[in-house]
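J.: We have chain A already, so just place chain B on it with the hints.
So the sequences go chain by chain: A and B. Following the UniProt record's numbering, the numbering of the first sequence begins with 1 at its first residue and continues without gaps. Following the UniProt record's numbering, the numbering of the second sequence begins with 1 at its first residue and continues without gaps.
If you're looking for bench data, these hints aren't it; they were derived computationally from the structure. A portion of the hints provided could be inaccurate.
Below, simulated EDC-like cross-link-like pairs (lysine to aspartate or glutamate); rule was C-alpha separation at most 16 Å, straight line [as the list claims (entries may be wrong)]: (1) A/LYS74 to B/GLU191; (2) B/LYS74 to A/GLU191; (3) A/LYS94 to A/ASP105; (4) B/LYS74 to A/ASP192; (5) A/LYS76 to B/GLU191.
2 protein chains.
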Amino acid sequence: MVDLHDNNPPHQVVIIGGGFGGLYAAKALSKANVNVTLIDKRNFHLFQPLLYQVATGALSPADISSPLRSVLSKSKNTSVLLGEVNDIDPTAQKVMVGSEAVPYDTLIVATGAKHSYFGKDNWEEFAPGLKTVEDAIEMRRRIFMAFEAAEKETDPVKRQALLTFVIVGGGPTGVELAGAIAELATKTLKEDFRKIDTSETRVLLLEGLDRVLPPFAPELSQTAEASLKALGVDVQTKTLVTHIENDIVTIKQGDDVKEIAAKTVLWAAGVKASAMGKILTEKTGVESDRAGRVIVEPDLSIKGHPNIFVVGDLANFAHQNDKPLPGVAPVAMQEGEYVAKLIQKRLKGETLPQFKYVDRGSLAMIGQHAAVVDLGFIKLRGFFAWFFWLFIHIYFLIEFDNKLVVMIQWLWSYFTRNRGARLITGKEVVKPVPVESNEHYQPAKTRQPLNV
Amino acid sequence: MVDLHDNNPPHQVVIIGGGFGGLYAAKALSKANVNVTLIDKRNFHLFQPLLYQVATGALSPADISSPLRSVLSKSKNTSVLLGEVNDIDPTAQKVMVGSEAVPYDTLIVATGAKHSYFGKDNWEEFAPGLKTVEDAIEMRRRIFMAFEAAEKETDPVKRQALLTFVIVGGGPTGVELAGAIAELATKTLKEDFRKIDTSETRVLLLEGLDRVLPPFAPELSQTAEASLKALGVDVQTKTLVTHIENDIVTIKQGDDVKEIAAKTVLWAAGVKASAMGKILTEKTGVESDRAGRVIVEPDLSIKGHPNIFVVGDLANFAHQNDKPLPGVAPVAMQEGEYVAKLIQKRLKGETLPQFKYVDRGSLAMIGQHAAVVDLGFIKLRGFFAWFFWLFIHIYFLIEFDNKLVVMIQWLWSYFTRNRGARLITGKEVVKPVPVESNEHYQPAKTRQPLNV
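Looking at chain A on its own, in the form it has when it is part of the complex (with noise of 0.2 Å):
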């Protein structure tokens, strides 16, 4: 039992991870008689689930980004360290940050997961995944791209191929993608082109399993479906993709391979382990699955380390149902809670039962004026769905300033259509176009002379 006098030295926790796991763990803790130091490689909590409308136009990175040390501003026992975690050693108790050694108590790892390509890790070039702010921005630059350069090709099956966007993965991202793209082609951009018509864009989504939103109640996965078909976009189930190169997806239908002329293909299928996940298992010697996610104790912890916690995306956590828990921000933020109150009870001498996550419901958007929620006991469709979609999300932005800037965004955007964030930045900005096929740029009528 310890002394919980205030002239005690306090009990040092690190985190490791400012996304949800490692932010909800801090702020548990903000008020516990212990100093925490959170370390992240980026200055803010990203909140992920919305990435997909900054890579579509209709948001900016700062609407869904808050910075870490402000968030916990006003947590005067916890530090932020901006720096990035190269080694763990669970012996002298301390993380390497460069060669800065940050000595713990009590550990908690929650660095999250990054895509996967299944060891074809060459397709990352031709398809681009969503996983951080930069990620978003290089996919909304190759999809506004995609139209610019459509606009100034004559070969018309050139054209057609810059006009087709290939979303690979029916999960939650996936199904946002292809509904926001095939929005913004119908919608959007309607009226912003002279020489293509935007709505004969075509979005293809590609799932491999017998239907989209696969954690969802199949009766959902229909309307998600049918919502999609009515945007236009063409959802091909029980398809896998074999190979992926520059233009062209060569996809597997049954016995069927059949090849897609597309110039953009966007990444939504697999994650896997970040590299802490590695570490961690050469350190401590705990087992990992397949992924790479660490196979963690019914308390979160790591076997024969029980000061050390996995979180979030990177923790295996099976002990429920033999299913790993999804890797989703509700569970992170569940399983943060948790282990901070965990420490808490440890420092009063007394523990707690093991982590239960509690399924509060998935909930998907498509388009701009159709979700779908699953709360489990009730099953939303429509513009229901997209107002509670809508009001959870919001929600759960972390900071009200953003909240409150993200509402308006969307209220105006809902109500005009709208995408005033499609900029295309980045470093090869404007990356020059094959021309070859092109005919010299004639304006649409003939011309006559100006009598000055």
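T.: Chain B only, in chain A's frame:
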């Protein structure tokens, strides 16, 4: 005299550049019986006067940008072409975009200016300027990384250099940057760090002439200087920068030479004409001034080429008094609109009196609460000037959805002093900070082992 019946092939106007000059020309031609092609290397119009708000984390790039296609979507006679013009052929009347030739009857060149280091181009690496969205994001990265590095630095001398910000140039951009950084340090970030006191930040504003805001009335320069000093900015006038290298700015004040140790140096001093100025000089024989600006005729055309116009920052128009018009947005807007009107008059066989700039005043913001406004007949300071500044800037933001969001962001930041967009993004996100002098990282208090 030209016959204007509908079956006539329309007159082809090509505009290079979608800044204030080019965009206002295009908009003023939207109902005219001409075809317009607007060529820009970016797909958006940028509201440059607010770029400093992006650089200091108050606004996002998309808040001050409007997609050119959407601004011009209702101008059915106008096409937008994304690309960079690399040559002009005034004899064949065409411009080259890569290998594409775009023919014109009338050409409007509005490619603006970029920052100039007065021949010391190697300073750019140490003292970035502020002309593009990428510039602003790089400036934002440097500003916020400096605070992060200071938080980690244990050597007090190095820490002071990290907390020293030098802004070169006391024009509106320099004044606005200095005020914003001072407020950031003393207000926004005050509670965010645990080891540094951000209010010890030193912000220096260096100006070569004898007062800041030289184009304004002297009493407003005094007000601006007093407001800056109240915010803690160290204003140094009659100060020349003679050398910039990593961490050191060398200045000359009279005969005194001093060195300032500063990690972050921001350039808000000279500008020079964009590359199109040189192409025009070579291809048409038109004269240019020392800054590369093209000398224009009283009707903004260039000598010997009445169908080529230059407007905005690229033009040197000195027909009203001896001094050329300044490179500010109102000049560019009025020039663009004048040329649009002149083209329409010429098509009717008429003409216009020479261009005359109507100076409606100058304004600058100092921090979030003070501004100076010089309307000629009236001079405003303090809250009214701030409100007026806000109103004018919001009024001229091209698209309404941006206006609404920016207004709310501002009202919010006015009341909370928050700056939500302080993301550190870009290629080298976690630039390793030199740690030679650093001790091993030590949490604020000593540690207490956990009883598990």
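J.: For every hint, state whether the structure bears it out.
T.: Structure-based check of each hint:
A threshold of 16 Å between alpha carbons decides the hint, and for A/LYS74 with B/GLU191 the separation of about 7 Å falls inside it, so the pair holds. Taking the CA atoms of B/LYS74 and A/GLU191, the gap is about 7 Å. The hint holds against a cut of 16 Å. Distance restraint check for A/LYS94 and A/ASP105: the Cα-Cα separation of roughly 8 Å lies within the 16 Å cut-off, and the hinted pair is therefore satisfied. Restraint check for B/LYS74 and A/ASP192: the C-alpha separation of about 8 Å stays at or below 16 Å, so the hint holds.
A hinted pair counts as satisfied when its Cα atoms are at most 16 Å apart, and A/LYS76 with B/GLU191 qualifies at roughly 9 Å.
Violated hints are absent here; each numbered hint is respected by the structure.
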